[in-house]
Each structure stands twice: as C-alpha cells, then as structure tokens.
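Listed here are the chains, written in short residue letters.
There are 2 protein chains.
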Amino acid sequence: MPEDQTTQIYGPIAKDLALVEELLESVKSVDISALQKMLEHALESRGKRLRPALVLLAGTFGNYDLNKLVPLGTAIELLHTASLVHDDVIDSAENRRGKPTANSLFDNALTVLLGDFLFANAAEMVTRTGSLKVTRLFSLTLMKMTSGELDQDTAAFDVGRDVQSYLSRIGGKTASLMENATEGGAVLAGCSNEGVEALRSYGYNLGMAFQIVDDILDFEGTEEVMGKPVGSDLREGTITLPTLLYLQSANPENVVKKFLETEQERQSYLQEAVFEITNSPALLESQKIAEDYVERAREALKILPENDSKTKLEKLGDYVLQRNN
Amino acid sequence: MPEDQTTQIYGPIAKDLALVEELLESVKSVDISALQKMLEHALESRGKRLRPALVLLAGTFGNYDLNKLVPLGTAIELLHTASLVHDDVIDSAENRRGKPTANSLFDNALTVLLGDFLFANAAEMVTRTGSLKVTRLFSLTLMKMTSGELDQDTAAFDVGRDVQSYLSRIGGKTASLMENATEGGAVLAGCSNEGVEALRSYGYNLGMAFQIVDDILDFEGTEEVMGKPVGSDLREGTITLPTLLYLQSANPENVVKKFLETEQERQSYLQEAVFEITNSPALLESQKIAEDYVERAREALKILPENDSKTKLEKLGDYVLQRNN
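As you go down the protein sequences, you meet chains A and B in turn. The opening position of the first sequence corresponds to residue 1 in our numbering, with each subsequent residue numbered one higher. The opening position of the second sequence corresponds to residue 1 in our numbering, with each subsequent residue numbered one higher.
Fair warning: there could be bad hints in the mix.
Intra- or inter-copy, both count: the list cannot distinguish identical chains.
Said to hold, decoys possible - For lysine to any residue, the following SDA-like pairs were computed, each having C-alpha atoms within a straight-line distance of at most 20 Å: (1) K48 to Q8; (2) K15 to N63; (3) K257 to T278; (4) K133 to N67.
What the hints contain is simulated information worked out from the structure, not anything from laboratory work. The model shown is predicted, which means the values in this text are computed figures rather than measured ones.
For reference, chain A alone in the conformation it holds in the complex (with noise of 0.2 Å):
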C-alpha cells in the first residue's frame, strides 16, 4: 500500500512501518533457495499491516521506543502470516485475496514447514523486544489461535453449536492477535495498568468486528473483490455468525439446515443455501453486532488522553465496518 494511504488510515506512525518491512526482509535472507521463494510469495508487502500498525499506535500512548515496538509489530505479523500459511493447508485453498495460496504453489509438506519456519522466526522476532512479559504474552496468544483454529475445525457441519461458541472462537482465531498488538504496545511503551486495559479492551473489541465483518463479506463480497468464491465458509461447514443468526429465525425445514446436516450431494444444496441467507436479515444483523463491538472498542478509549493516534484508533472503527475486502 502506497505510503501517503497508510498515512491517512495511520497517522504519523504510517512511516515507521516501513522499519516493519525492512525486518520482514530481513527474514527473507535465507540459504534454502525453495524458502527464499516462499518467503518472499508469503510476505509480499500488498497488506494493510494493520497489526504492526496497531503495535505502534498503542506505543505512542507511553514511550515511543521503536527499537521495543517493531520487532514487536514485526513478529505479530510473522504470527499472522505464519497462521494464513497454515490455514491455507488445512482448507487446501486454492486463493486467498486474489493471489495464489502457498500450497497451491508449493506442495503442502514444504508449506507446512513454511508455516512453522514463520512461527520459529516470531517467537525469535518477541525475544528482541527484550521483555519477558512480552514474550509470554504473545506465546498465550498463539495458544488462543491455535485453540480457535482447531475449535473452528472440529466443529465444521455441526449445527449444534451457539453463537457464544461462535463468538469466543473468533476471539481466539483472530482478535487475540490485535488484543496482543494494542496490549503489548502498550506494555513495551510503559503505560499505566488502566492505559494498558484500554488499549487491550480496543484490540479485543476491534479484532471481534474485523472478523464479524469478514463472516459477512464472505457472503456478500464478490469474488472478484474477495479473491475467493462467495460462500468458501459455508462451503467448508464453518458456520459464521450470519449463518448462525439465520437458522435462529429460519424455518426448520430450511435449505441451510439441509445444507450442512446432509452428508450425501451435499454441495448440490450450496447455492441456494447462500442465497437464502445472503437474502435473510441475518447479514444486517450480523453487521449490528459487528458495530456493537467497535462501540465498545471506542468505548475503551475513552479514559486516554486525546491526541492524534486516539483519532486514528477511532477512525480505524469506520474503517473495519467499511472494507469490502
């Protein structure tokens, strides 16, 4: 993304990602030529970098110290990409925003051992922020990621499951990490222990929406935009919250139940389970609770002192309501 945008989304912190980068290149340099090609396939700078940028805002609320909080934002975005990797392997997909996934590059032994090559280079990335708490916050994260990921995957097909499973898996899969942005931030910067919980509380609450909104846009994206089909959760029995919500009010008999409870010619019924719940109030209800969530994330940071990077943490609220990919 081109500078002068990452400015306006981040603010004055915008140019300090590019030291971000200059340690994902780092981890680029490698011996092994196959991994070098990976590498670079995996950590192609096209993203936001929300994460490492989130990092960094939270920094600015105590003290700026840059040589803490970019390996901290850099080995948030190694987690990141390393969990991708491995989800990619585990759906076997084919895309993920438009561009081509490493296993289907690369052959899956070699992508799984990308995934733990990532995870290896961040767990080393945390140790240079020199803070053990750090460290071991950050390591309680992957726990909750992992945890998440394979709730999410043992759960595939079952309509037995609530909303509030759905909610705490989001929690673990994907809001733990922007939760362990704001909050070790703030750790490594020095903030207050209520400086600390509010930034925490903003990337737990922020991490909740991104994901609700992403359940949402695998609905009513297009593929074109998304990279991926409409409907790829669904499709793999990952029941989101918008599915969920529809078979809340739908008929009992209703094509989504058939969908996901009938193991023969399954994909038969895929279409038109998506386009009833695609036509459901539940996309519109799902985005209620997904603003509910960045209420709360404002919320939180109230207690902070205005400046510019509260502004920008307000404004990144609009931002994950807005996106279309």
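Mind docking chain B on chain A? Use the hints.
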C-alpha cells in the same frame, strides 16, 4: 519406561522426570475433545524422555532449581513432539502427493493444528523459566530445526549434496535440540561460561551421534523393532550418511544412484539399493563417525568436576551408540 530403568540410565535426576511428566499431563487438559484425544496419543509417556533428562543432568552442575529446569525440560519435550507430529504430516503428504482424498485431508488438517498447538505450548512453557535468554535460545533452536527439515525436504533425491551438507542438516534437525537441552539447563543453573560451553558442546555432539545412529538403524534395524519399513529414508529420497558414504566409493553405475536418479519405476530399485548399502562398508564407516562424535561429547565434559551426573552423561554416549531402536 519404568523408573528403575531410567534411574540406571539417568541416575539421581530420574525421579525428577516425574515432574516433567506432570507438566506434560497438564498440557493435555483441554476443552476440545478431539484435541485431547490427539494430545493423549502424541504425549504418551512411553519414551525415554532423553531431552528433559539432559536438561536436568546439565542443571546438576550448578544451582539445581527444579522450578526453572522442569519447565525447560517440558518445553523441549513439547517442541520435540511437535516436530515429530509435523514430520508425520509431511511424510504422509508425500505419500499421497497428487491424489488428496477428503478424509486424509481432514485428518491432516487436524494434525497440522495439533503440531501448532504443541509449538504454542512449548513457547509458553519456556517462558515459565523466567529467563529471556533461555527463551531466546529456544526460539533460535526452533529456527535451526525447521531450517534443517526444510533443507532435508528440498534436498530429496538430490545426489549432488555432500557429507558436509548432511552434517549441517542433522545439526539443525536433531542436534540443535539436544544442544539446547544441555546449554539451557546449564544457563538456568547459573554455570560459568566454560561450564555452559562444555555442556552445550556435549549436547550438540551427542545429538549428532544420535541422528547418525538413527540413520544407520533405518538400514540395519528390523521393521519389527523400528516400527517402520527398513529403508524408509531412502524410499522418501532422504540421503543419509550411509547412502552418501556408499555413493562415494561405489561404481558409478550403481543401483542406488539409479534409484535416486530415475523418476520412472523408481521404487522397483529400492530393495536392491537398500541391500547394496547394507552390505557395503558404509554402515560401519557411519558407525565410526558416530563414535567420533560421542568421543567429542565426552571430551567436552573433561573440564567439569567429577560427579555422578558426569558419569551418567559419559555413559549416555554408549547408550546412544548401542541402541537398536
């Protein structure tokens, strides 16, 4: 393994391995029942727990603090288990290359996540040592292990690699973790720099011997004792020391080269290739090199005071050289 047997091998620290077992047990307590089942299987206490024993033995050369040593031993065992779990995915991914089935895919998916969960727990466990230095050492070890595995995977069937490349690969894949066990134990116990270096060198050299013996056993062990078919490494294209030494002195038209270089009907040459290597001097030459590493491991211990732990570490060399599975 019964405690009297471990006492014979590990001496006085053997009883403290029960504390490692307890911590491993605590990792198995999870809410997701599918995960719990997989963890029970992966962490079953049938092994000799060699790596945790190395941590504890190294720790006896300084301040033997179980509150630090037991978490490190547990973290190292978790990391070891995680890497075995992912190796298994990688091998079975190769077996079914080109023809993935939905069922095997689902199983693989959970297994990738099981490995990630074990990595996460290992990363969390090592922070319980309270030492950022040891935590950092641990993450560097994970990098070396993954690089070694990646190197092995990308070098499959490549007859252009030499003995040096093999030694560097097993140094990363296997020896680095034993090195981490003894070095980390010594650091936690507050040993002098020379003491740490002596124990680090011991662990590294013992690990090198361990892997070379493993690679010999892949040829001369029986399927019954080893639990896998003889010649498994060669079948997958992994060129280990016996194969390298055989190729160095064999006729250029030999069947092993034919096996490695032919892409069509390759497996029809496997049995003959294994027979040729097994009946060449290569296994004995490999054993000699393993003995040299054990010698270096013992040499490293010389500067340490004479005590029961030192005797046990010396004897572990014989155990590594003489094991048959």
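Against the structure, the hints come out as follows:
1. K48 to Q8: within (12 Å within a copy, 58 Å between copies)
2. K15 to N63: within (18 Å within a copy, 48 Å between copies)
3. K257 to T278: Only inside one copy: K257 and T278 sit 15 Å apart there, 59 Å across copies, limit 20 Å.
4. K133 to N67: Both, since 16 Å and 18 Å are each at most 20 Å.
The structure shown violates none of the earlier numbered hints.
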